[in-house]
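The whole structure should be built from the sequences, with the hints applied where relevant.
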Amino acid sequence: MDEQEHGPLAGFTVGVTAARRADELIALLRRRGAAVVHGPALRIVPLADDTELLAATKELIGHAPDVVVATTAIGFRGWVEAAEGWGYGEELLRVLRDVELLARGPKVKGAVRAAGLTESWSPSSESMAEVLDRLLGEGVAGRRIALQLHGEPLPGFVEALTAGGAEVVGVPVYRWMPPEDIGPLDRLLDATLSRTLDAVTFTSAPAAASLFSRAEERGVRDELLAALRHDVLAVCVGPVTALPLQAEGIDTYQPERFRLGPLVQLLCRELPGRSRILPVAGHRVEVRGHAVLVDGALRPVPPAGMALLGLLARRPGWVVSRADLLKALPGAGSDEHAVETAMARLRTALGTPKLIQTVVKRGYRLALDPLSEEKYDG
103 MDEQEHGPLA GFTVGVTAAR RADELIALLR RRGAAVVHGP ALRIVPLADD TELLAATKEL
163 IGHAPDVVVA TTAIGFRGWV EAAEGWGYGE ELLRVLRDVE LLARGPKVKG AVRAAGLTES
223 WSPSSESMAE VLDRLLGEGV AGRRIALQLH GEPLPGFVEA LTAGGAEVVG VPVYRWMPPE
283 DIGPLDRLLD ATLSRTLDAV TFTSAPAAAS LFSRAEERGV RDELLAALRH DVLAVCVGPV
343 TALPLQAEGI DTYQPERFRL GPLVQLLCRE LPGRSRILPV AGHRVEVRGH AVLVDGALRP
403 VPPAGMALLG LLARRPGWVV SRADLLKALP GAGSDEHAVE TAMARLRTAL GTPKLIQTVV
463 KRGYRLALDP LSEEKYDG
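Quick note, this note's numbering runs 102 ahead of the 1-based positions in the sequence shown.
Read the hints as simulated data drawn from the structure, not as lab findings. Predicted model only: the values in this text are computed from it and were never measured. Do not rely on the hints blindly, as some may be mistaken.
[Unchecked claim] Only pairs whose alpha carbons sit at most 27 Å apart, straight line, appear in this in silico BS3-like list of lysine-lysine: (1) Lys160 <-> Lys209; (2) Lys429 <-> Lys456; (3) Lys211 <-> Lys160; (4) Lys463 <-> Lys429.
Have a look at this one:
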């Protein structure tokens with residue numbers, strides 16, 4: 103009942119790097135209780151302003167391809183709408199009716215059919231690898247293949263077609279650019295570095311590349327990589343998006359279906375599964391990112407208190423000295439009185455003061471239940 107009240111992501115903070123459909127993702131996360139830090143890593147150049155797309159459209163109308171690969175619904179719709187705006191809509195649709203039109207996934211099929219067209223084939227897996235296997239299986243030597251690009255590279259795809267003897271024409275339906283306002287991205291980067299984020303979500307490979315680029319500009323790239331490799335979960339909408347992160351040795355998590363809903367469901371499993379759950383003073387205590395569940399009740403805790411509790415929870419039942427606790431406090435300086443102040447606020451926030459015991463002249467400890475102490479003695 104308590105989890106239904108506060109949501110499976112309550113007590114966790116999730117970073118969102120998306121520009122497109124960010125509002126939808128943020129709403130899904132907040133509905134499940136997460137706090138969200140939004141730092142769009144990119145902005146999208148409007149299609150109608152993109153001279154590269156206009157040039158590619160004219161080229162395909164003048165010299166029709168044998169195959170067109172449509173990769174995203176928004177990109178395909180935007181391409182058709184932009185062509186109409188330029189006065190080439192009917193000519194483009196006429197070309198697309200006469201070619202082998204491959205659609206990657208059901209959303210792309212929907213966009214194709216909404217334009218009055220019918221796809222020749224669509225993979226059940228929504229995977230570009232399956233599209234590539236089909237094309238190579240049919241044979242691509244001497245064929246002209248138009249590939250709708252979607253703002254990010256498709257590693258190996260173009261190279262494999264070219265090696266097979268195909269002529270590949272890229273159709274750049276929209277382009278990613280750095281954000282005009284870098285402030286939100288810097289705040290997300292700072293939150294990642296300070297480990298106040300529990301996870302960062304990526305819905306495009308360029309967003310990951312842009313975050314790395316900004317970290318490089320600020321001289322904190324190594325620190326960012328360390329945070330994502332060890333402490334902050336990197337969650338990607340799909341395997342293409344994950345490639346820039348994996349190239350840096352970062353373990354990524356991806357849903358089986360490459361959609362925002364399954365991505366959020368994945369977070370709902372992974373983040374609570376990483377929580378520290380301890381039997382303390384007759385209570386069930388679950389330590390989350392910026393809050394604690396005490397017997398299922400959500401207790402928000404200030405950052406200083408979470409720093410102390412995190413250290414106590416890593417050594418449950420053991421006495422932790424004031425000196426060690428002081429080192430864990432952000433910006434505390436050298437006055438051990440800061441530990442006492444933060445500890446008093448932590449106990450108040452938890453609502454159950456007896457969870458943490460004061461050990462005179464030594465420090466503090468979590469009041470781990472006696473039957474559990476043996477488990478943590480080593």
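Hint check:
Only pairs whose Cα atoms come within 27 Å are accepted, and Lys160 paired with Lys209 is accepted, the gap being roughly 26 Å. In summary, the hint linking Lys429 to Lys456 is supported, as the alpha carbons are separated by about 23 Å, within the 27 Å threshold. Taking the CA atoms of Lys211 and Lys160, the gap is about 24 Å. The hint holds against a cut of 27 Å. At most 27 Å may separate the alpha-carbon atoms for a hinted pair to count; Lys463 and Lys429 meet this at roughly 18 Å.
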